[in-house]
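Add chain R to chain U, keeping to what the hints say.
2 protein chains.
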Amino acid sequence: MILSDRMREIALVNSAGHILSWDQETYLPSGSADYRSEQLAYLATHAHKLATSDDFLKALADAEQTDDGSDPVRTANLREIRRESDRSVKIPTDLVARESTAQSAGHHAWIAARKASDFSIFAPHLEKLVDFAAEKADLWGFVNEPYDALLEGFERGTSTAAIAELFETLRKDLAPLSAQAVAKSPPSELPPGPYPVEIQQTFNAIVAAEIGFDFHTGRIDTTAHPFCTTLGPRDVRLTTRYMETDFTSLLFGVMHEAGHGMYEQGLPAADFGMPSGSSVSLGIHESQSRLWENQVGRSPEFWEKFYPVAQKHFQQLRGFPLEKFLRHIQRTEFSPIRVEADEATYDLHIILRFRIERMLLNREITIAQVPSTWNDLFRESFGFTPPDDAQGCLQDIHWSMGGIGYFPTYTLGNINAAQLFKAATAVPEISAATAKADYAPLLAWLRENIHRHGGALDPTALMEQATGRPPSTEAYLKHLKSRYL
Amino acid sequence: MILSDRMREIALVNSAGHILSWDQETYLPSGSADYRSEQLAYLATHAHKLATSDDFLKALADAEQTDDGSDPVRTANLREIRRESDRSVKIPTDLVARESTAQSAGHHAWIAARKASDFSIFAPHLEKLVDFAAEKADLWGFVNEPYDALLEGFERGTSTAAIAELFETLRKDLAPLSAQAVAKSPPSELPPGPYPVEIQQTFNAIVAAEIGFDFHTGRIDTTAHPFCTTLGPRDVRLTTRYMETDFTSLLFGVMHEAGHGMYEQGLPAADFGMPSGSSVSLGIHESQSRLWENQVGRSPEFWEKFYPVAQKHFQQLRGFPLEKFLRHIQRTEFSPIRVEADEATYDLHIILRFRIERMLLNREITIAQVPSTWNDLFRESFGFTPPDDAQGCLQDIHWSMGGIGYFPTYTLGNINAAQLFKAATAVPEISAATAKADYAPLLAWLRENIHRHGGALDPTALMEQATGRPPSTEAYLKHLKSRYL
Numbered sequence: 159m160i161l162s163d164r165m166r167e168i169a170l171v172n173s174a175g176h177i178l179s180w181d182q183e184t185y186l187p188s189g190s191a192d193y194r195s196e197q198l199a200y201l202a203t204h205a206h207k208l209a210t211s212d213d214f215l216k217a218l219a220d221a222e223q224t225d226d227g228s229d230p231v232r233t234a235n236l237r238e239i240r241r242e243s244d245r246s247v248k249i250p251t252d253l254v255a256r257e258s259t260a261q262s263a264g265h266h267a268w269i270a271a272r273k274a275s276d277f278s279i280f281a282p283h284l285e286k287l288v289d290f291a292a293e294k295a296d297l298w299g300f301v302n303e304p305y306d307a308l309l310e311g312f313e314r315g316t317s318t319a320a321i322a323e324l325f326e327t328l329r330k331d332l333a334p335l336s337a338q339a340v341a342k343s344p345p346s347e348l349p350p351g352p353y354p355v356e357i358q359q360t361f362n363a364i365v366a367a368e369i370g371f372d373f374h375t376g377r378i379d380t381t382a383h384p385f386c387t388t389l390g391p392r393d394v395r396l397t398t399r400y401m402e403t404d405f406t407s408l409l410f411g412v413m414h415e416a417g418h419g420m421y422e423q424g425l426p427a428a429d430f431g432m433p434s435g436s437s438v439s440l441g442i443h444e445s446q447s448r449l450w451e452n453q454v455g456r457s458p459e460f461w462e463k464f465y466p467v468a469q470k471h472f473q474q475l476r477g478f479p480l481e482k483f484l485r486h487i488q489r490t491e492f493s494p495i496r497v498e499a500d501e502a503t504y505d506l507h508i509i510l511r512f513r514i515e516r517m518l519l520n521r522e523i524t525i526a527q528v529p530s531t532w533n534d535l536f537r538e539s540f541g542f543t544p545p546d547d548a549q550g551c552l553q554d555i556h557w558s559m560g561g562i563g564y565f566p567t568y569t570l571g572n573i574n575a576a577q578l579f580k581a582a583t584a585v586p587e588i589s590a591a592t593a594k595a596d597y598a599p600l601l602a603w604l605r606e607n608i609h610r611h612g613g614a615l616d617p618t619a620l621m622e623q624a625t626g627r628p629p630s631t632e633a634y635l636k637h638l639k640s641r642y643l
Numbered sequence: 159m160i161l162s163d164r165m166r167e168i169a170l171v172n173s174a175g176h177i178l179s180w181d182q183e184t185y186l187p188s189g190s191a192d193y194r195s196e197q198l199a200y201l202a203t204h205a206h207k208l209a210t211s212d213d214f215l216k217a218l219a220d221a222e223q224t225d226d227g228s229d230p231v232r233t234a235n236l237r238e239i240r241r242e243s244d245r246s247v248k249i250p251t252d253l254v255a256r257e258s259t260a261q262s263a264g265h266h267a268w269i270a271a272r273k274a275s276d277f278s279i280f281a282p283h284l285e286k287l288v289d290f291a292a293e294k295a296d297l298w299g300f301v302n303e304p305y306d307a308l309l310e311g312f313e314r315g316t317s318t319a320a321i322a323e324l325f326e327t328l329r330k331d332l333a334p335l336s337a338q339a340v341a342k343s344p345p346s347e348l349p350p351g352p353y354p355v356e357i358q359q360t361f362n363a364i365v366a367a368e369i370g371f372d373f374h375t376g377r378i379d380t381t382a383h384p385f386c387t388t389l390g391p392r393d394v395r396l397t398t399r400y401m402e403t404d405f406t407s408l409l410f411g412v413m414h415e416a417g418h419g420m421y422e423q424g425l426p427a428a429d430f431g432m433p434s435g436s437s438v439s440l441g442i443h444e445s446q447s448r449l450w451e452n453q454v455g456r457s458p459e460f461w462e463k464f465y466p467v468a469q470k471h472f473q474q475l476r477g478f479p480l481e482k483f484l485r486h487i488q489r490t491e492f493s494p495i496r497v498e499a500d501e502a503t504y505d506l507h508i509i510l511r512f513r514i515e516r517m518l519l520n521r522e523i524t525i526a527q528v529p530s531t532w533n534d535l536f537r538e539s540f541g542f543t544p545p546d547d548a549q550g551c552l553q554d555i556h557w558s559m560g561g562i563g564y565f566p567t568y569t570l571g572n573i574n575a576a577q578l579f580k581a582a583t584a585v586p587e588i589s590a591a592t593a594k595a596d597y598a599p600l601l602a603w604l605r606e607n608i609h610r611h612g613g614a615l616d617p618t619a620l621m622e623q624a625t626g627r628p629p630s631t632e633a634y635l636k637h638l639k640s641r642y643l
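Line by line, the protein sequences are chains U and R. Number 643 marks the last residue of the first sequence (this note's numbering); no jumps. Number 643 marks the last residue of the second sequence (this note's numbering); no jumps.
Next comes chain U alone, as it looks inside the complex (with noise of 0.2 Å):
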């Protein structure tokens, strides 16, 4: 086999995994776990034989050696392809089962301690979790610290250094700014709900599809945790939660993961699987959901549209004024919960986080010490400590799925999508129709700019092609003072 047949091959059996892990997110009965466990593990496991087999290894040779530089894109292939299966070779098959397996009975385990909030449930898997990155990071290598080999695995080309110097910029800037942007925002009110959940999905299903979401291509399901995922090169799934007290919460995780959705729809379906089919990395994943439910999403001129809209379907909305009910999207306040925080505060959570993570990794703290540490960062960044663990250190699905350096993304994305937007809007065009809620220009743009690109360019150079310049905090730092301060 040459070696797009042997990707090809290796595509549809990770597409296989991902349509059991999102069945096991959205309709796995209770008591089906253990062996969705096992099944998951397989796949893992036979995926990975298969990326590091003798035969692959020399399929990929081949394919280099007749390489005659003369596509750019069947370059960009191999030498990502190549950048993967070195860090894959690297890894031993029975190590990829024993982690899938810790990671399955991790997910279960942080469930049942969020729920309780007893981190003492949790503790013993991510012990474990944190080990196999640690056991990971020392076979993959790294110049400095083991989260330089961890981060690799998310946003190819950046490194913990960069990345720490990048948030303490970012920091400086954004402590006063959140503090003040807390401090003068107004009491906001919403109407009294229940905004039941029928009419939410109506109502978010409308709203994805506007802005260019394709459900024929795709559909949105319910889960705990709200995430998208991509299970064939037209098959996009989306899922999020309902809370009736409050439709505009998981309007906007729609939104979010409307535009993941949307950038894995703007890959080449031709390409699928391989690296000029697959997103660049999570920083430009992230800036695509950022994009759309930030930038867009809690701006005036979406909601000149779309609240006449929202009143039309929530009835309790239609004396409520436009300008009070934008107050109350743009309202900022210092929370406790990264996925229910604001665009002011919400890198704090971020950066929190990657400083954890980066003293897990370098054994400075140990995991009986996270509760604690979680609680002292957070004091001084929040100014007051979370009412316990599940709305502390519990709180979030990552650590339980083994992803260990994925956090900083997040806050990439939010540079990533201000500047993106900013470059975008400065098109006259679509300034014009983005002015009037019209996104089909905007959504052009990215799609040109940023989805067709796969990730043949690194997500650098990718950002200095569509901007005409590296990610940098400016543009994101300036949205941040025009809207909220």
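It is worth saying that the hints were derived from the structure and are not from the lab. One or more of the hints may lead you astray.
[To be verified] Using C-beta positions, here's what the derived DEER-type ranges look like:
id	chain 1	residue 1	chain 2	residue 2	range
1	R	Asn302	U	Val247	52 to 60 Å
2	R	Glu242	U	Ser162	49 to 57 Å
3	R	Asp252	U	Ala593	56 to 64 Å
[As the list claims (entries may be wrong)] Below, in silico cross-link-like pairs of lysine-lysine (DSS-like), each with a Cα-Cα straight-line distance of 30 Å or less:
id	chain 1	residue 1	chain 2	residue 2
4	U	Lys216	R	Lys482
5	U	Lys463	U	Lys482
6	U	Lys207	R	Lys248
Glycine included, each C-beta is placed from N, C-alpha and C at the ideal position.
Relative to the frame of chain U, chain R by itself:
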């Protein structure tokens, strides 16, 4: 790897495939079908490769050589694995892949053909699928006719000639019985709908749980064509559709699928993937679904208890007497659609399909002759011609999935169901409980006499052990006469 580990691996791959198929029928977006076919073909091919590899055959031979016969379940497993293996190795892997692709394409073409009631859309696909069936029958080999080889895959240990004889015995009594039943069926009515879908969902779930379906390890979703599938040792999925004009139609559908599901839930979970942890045959599987749907679900005893519950849920039933309701659910008529047929006429539909399949495989008719042959045979049994092919030869999903040889097992199921119900209710405690619509003792009897054996015994031997005699039409005809004449 030893044989049991290899069987475990194959079960992981096959059950992963079931998850993909389940999603294909329940939630797959309309534009996502193509790649799903590729994913399914890959998993089917991979499982076939595993089951026909030299390593597998060696592990099987090793296990056979060391079997001392001291554990009858182990010996039965080896016998059945060998039987399956001897069949599998005769089918080249590329045929499995090509057939899987043809089935996916055939399935989509069938949906379009049925919608348009245009046989020509489906004909080229059916041609291919019949050719695949004939090719496989040739590869498997047979003594009398190709259909024998297909039948063996669904109902081991029987023959086309034996089925033809059994069906002829049945038909001789059933033809006058059904005509009489239809003639004497009093006009029936049900208070007009709508019976809201959400309330049907609630009521159907209550009934399914009451008869013993375990929602902790199972669920019900919505599809165009109801089915039951097993995604893991403790993960059984039923599907149904809804009709707002008459809630009973799909309630019986749910009881039917729950019967299949309870069988699957009663198989030894520790033996998942082994013959002893798998259903023995479709004729036994169908006996479980038909027993709950018809022997139980259409009985007056069942409704003595559940009609008040139905009245609580569907307000239009409140003034409608039980006696009239029973007349509605026990009405008989000659109708073109198998899945809507009542007990007294159902098997005439099956006998027709069996005859057509046999003719197709014996090349006595061409694909182009299927609609006219269908209509001729239908008129012969039912006295009228189906109004169109959508309600004639295009009504069933089976051929589109390559399931030629499957239909006879429905009538075997009816025969077995009556015989099992008679044997179970010969136990006084079961009969007393069933008279009060308490079905726990009946389910326990089925668990003990059918479910726990998995596929260790042949279907005929299992029926003999459970009821004291091999399958015969006696109990079934007696049941039909007593209920419908």
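Structure-based check of each hint:
1. For asparagine 302 of chain R paired with valine 247 of chain U, a C-beta distance near 55 Å keeps the hint of 52 to 60 Å intact.
2. The given range of 49 to 57 Å is broken by glutamate 242 of chain R and serine 162 of chain U, whose C-beta atoms sit roughly 35 Å from each other.
3. At roughly 58 Å, the beta-carbon separation of aspartate 252 of chain R and alanine 593 of chain U lies within the given 56 to 64 Å, and the hint holds.
4. About 74 Å separates the Cα atoms of lysine 216 of chain U and lysine 482 of chain R, which puts this hinted pair outside 30 Å; it is violated.
5. For the suggested pair lysine 463 of chain U and lysine 482 of chain U, the alpha carbons sit about 16 Å apart, so the restraint of at most 30 Å is met.
6. About 28 Å separates the Cα atoms of lysine 207 of chain U and lysine 248 of chain R, which keeps this hinted pair within 30 Å; it holds.
Checked against the numbered hints given earlier, this structure breaks hints 2, 4; the rest are met.
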